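Chains as they are written, first to last, in the working numbering: chain V, 1 to 114; chain Y, 1001 to 1111.
Keep in mind the hints are simulated off the structure, nothing from the lab.
A couple of the hints might just be wrong.
Listed next, the in silico BS3-like pairs over lysine-lysine satisfying Cα-Cα at most 30 Å (straight line) [said to hold, decoys possible]:
(1) LYS1068/Y x LYS1003/Y
(2) LYS1041/Y x LYS9/V
(3) LYS1041/Y x LYS71/V
(4) LYS1068/Y x LYS14/V
(5) LYS57/V x LYS1017/Y
(6) LYS57/V x LYS1003/Y
Here the structure is a predicted model, which means the values were calculated and not measured.
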Amino acid sequence: NAGVTQTPKFQVLKTGQSMTLQCAQDMNHNSMYWYRQDPGMGLRLIYYSASEGTTDKGEVPNGYNVSRLNKREFSLRLESAAPSQTSVYFCASSHTWGLAYEQYFGPGTRLTVT
Amino acid sequence: ELKVEQNPLFLSMQEGKNYTIYCNYSTTSDRLYWYRQDPGKSLESLFVLLSNGAVKQEGRLMASLDTKARLSTLHITAAVHDLSATYFCAVVQTSGSRLTFGEGTQLTVNP
């Protein structure tokens, strides 16, 4: 039981390049989330998927898109990376959205945009 | 908009001492979470507090929730070096479902 996995672990992009961050969970959770963490700050929600087939914007969605590929997988895409998107990205999942069950976090992707 | 504030943001303490981290939030909530993050690592769930007056303890850490005061505390008893980490509280607004995180408290326990 791997929990929440993320790929890649590290990535360096040049301004304007695109990339997709992958996330998968094997806990049969309905809800999945993408957060970013910047130095000295807590996590901020980028997008979430309350259930398979639905996605919604979080606190800081600009510059990102997401796809809930199936119940297990939730990807985050940067279409044209900017230095302001340098951050650590965490994927998380939880059993159910509405009752705010405990969220389980992946190991993170450390992204640098130059 | 829900705001979550932690204090202190930085805490350096000696082994064997006691201390409390505070988490204040701005709107009604009856669900609060504490997480631990080691440097370069992901977040690990410590406590889930689901009602007013809830108290949970694990080892040297004890968390409590006072929904009327909109305050949660994380109390550290007889600190040891292994507790060095950043601690986050996260709150769910009563009418919503998203987690809002505090800025984190970076705890360093010195021998």
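To see whether the hints hold, each was checked on the structure:
{"no.": "1", "hint": "LYS1068/Y x LYS1003/Y", "verdict": "holds, 16 Å"}
{"no.": "2", "hint": "LYS1041/Y x LYS9/V", "verdict": "holds, 11 Å"}
{"no.": "3", "hint": "LYS1041/Y x LYS71/V", "verdict": "holds, 25 Å"}
{"no.": "4", "hint": "LYS1068/Y x LYS14/V", "verdict": "violated, 49 Å"}
{"no.": "5", "hint": "LYS57/V x LYS1017/Y", "verdict": "violated, 43 Å"}
{"no.": "6", "hint": "LYS57/V x LYS1003/Y", "verdict": "holds, 18 Å"}
When the structure is compared with the earlier hints, violations turn up for hints 4, 5 and for no others.
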